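Using the hints provided, position chain B relative to the given structure of chain A.
Protein sequence lines, in the order shown, are assigned to chains A and B.
Under my numbering, the residues of the first sequence are numbered 1 to 174, in order.
Under my numbering, the residues of the second sequence are numbered 1 to 174, in order.
All the pointers check out, no bait thrown in.
A pair counts as met if it fits within one copy or between any two copies, since identical chains are not told apart.
Straight line, CA to CA, 27 Å or less: simulated DSSO-like cross-link-like pairs of lysine-lysine:
1) K112 with K16
2) K16 with K156
3) K39 with K112
4) K140 with K156
5) K156 with K49
Treat the hints as calculated values from the structure; they're not laboratory data.
Just so we're clear, the structure is a prediction, and the values are computed from it rather than from any experiment.
Number of protein chains: 2
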Amino acid sequence: MDINVVNALTYEDFVKLFGNVVEKCPLIPAAIWSHRPFKDLADIEAHIKEFIHSLPDSGKEGVLRCHPDLAGLDLQSGTLTRESQEEQSQAGMTTLDSAESLQMYRLNTEYKERFGFPFVICARLNSKADIVRQLSERLKNDRAAERERAVEEVTKICSLRLRNIVLSDIQTKL
Amino acid sequence: MDINVVNALTYEDFVKLFGNVVEKCPLIPAAIWSHRPFKDLADIEAHIKEFIHSLPDSGKEGVLRCHPDLAGLDLQSGTLTRESQEEQSQAGMTTLDSAESLQMYRLNTEYKERFGFPFVICARLNSKADIVRQLSERLKNDRAAERERAVEEVTKICSLRLRNIVLSDIQTKL
Numbered sequence: 001m002d003i004n005v006v007n008a009l010t011y012e013d014f015v016k017l018f019g020n021v022v023e024k025c026p027l028i029p030a031a032i033w034s035h036r037p038f039k040d041l042a043d044i045e046a047h048i049k050e051f052i053h054s055l056p057d058s059g060k061e062g063v064l065r066c067h068p069d070l071a072g073l074d075l076q077s078g079t080l081t082r083e084s085q086e087e088q089s090q091a092g093m094t095t096l097d098s099a100e101s102l103q104m105y106r107l108n109t110e111y112k113e114r115f116g117f118p119f120v121i122c123a124r125l126n127s128k129a130d131i132v133r134q135l136s137e138r139l140k141n142d143r144a145a146e147r148e149r150a151v152e153e154v155t156k157i158c159s160l161r162l163r164n165i166v167l168s169d170i171q172t173k174l
Numbered sequence: 001m002d003i004n005v006v007n008a009l010t011y012e013d014f015v016k017l018f019g020n021v022v023e024k025c026p027l028i029p030a031a032i033w034s035h036r037p038f039k040d041l042a043d044i045e046a047h048i049k050e051f052i053h054s055l056p057d058s059g060k061e062g063v064l065r066c067h068p069d070l071a072g073l074d075l076q077s078g079t080l081t082r083e084s085q086e087e088q089s090q091a092g093m094t095t096l097d098s099a100e101s102l103q104m105y106r107l108n109t110e111y112k113e114r115f116g117f118p119f120v121i122c123a124r125l126n127s128k129a130d131i132v133r134q135l136s137e138r139l140k141n142d143r144a145a146e147r148e149r150a151v152e153e154v155t156k157i158c159s160l161r162l163r164n165i166v167l168s169d170i171q172t173k174l
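Bound-form chain A, shown alone:
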């Protein structure tokens, strides 16, 4: 990637290209476009992290609530974003047997009832077994700690999505 190419993008092309690096939150890349010129990819990433961390607790929870359940309704009904579909598929969420599906459903439901936002984890960095284990464990956190933990995962997902975009040919995406 040539950062000069990115820095030359209009906000419209920038949002078209990076609009879903944080799931269903085009507001965030649209906001950080204000901070051009970027030094490099890490600089873009740093601005996104800073933006999310500067949000009030409700805003952080809002970011989380824009995420789909893992192995949830959106996956079953084919309404995941392209990025989520790829990530959930890589983590084995599309090939669960009925016992595993039921377990995910129960754990997701318990998690959402407890915290008021969905369980978010960087699926690309975790196996199916890791995901179930962490979902069970994180259920024991208090809400504030879990909010921060989940936001950390959002930034990991964002980082991989950013890398994925800039490592492919930018021009083909516009």
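Relative to chain A, chain B alone:
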């Protein structure tokens, strides 16, 4: 509307229902769900306004950048959100003659070059002539004043979208 029905919604149903009251910013209704129970519709509106006003300048500009141009590419290619399509249509943006289209294109382009975000106006509250006049006038503002002015319009649009939702039958939208 019975506010108790709204207060009983899961965040998923709340976001499904109110997800686009601020154009392409589901993050915002998803965030203010944290403030339930709401007293009434005005209370929901107040929380949304407060959230937007609490954003840094870049965040406010991010909200603006999630809006389409008036009589722009999205309208021509049929990729407006349902809400924007209705609003632009009501304001006569779908029936411009070629001279009017060209004028809107030129003014929108000049505005975006000057401010780095699109011209946002509550189309439901303005006629075609008002829109052209205000676009020309607001081009003379400085960036900070115009950012605040445009955010004001976002909150007017939000207010009408909210009213539109709660005045129709909530249950049919879920």
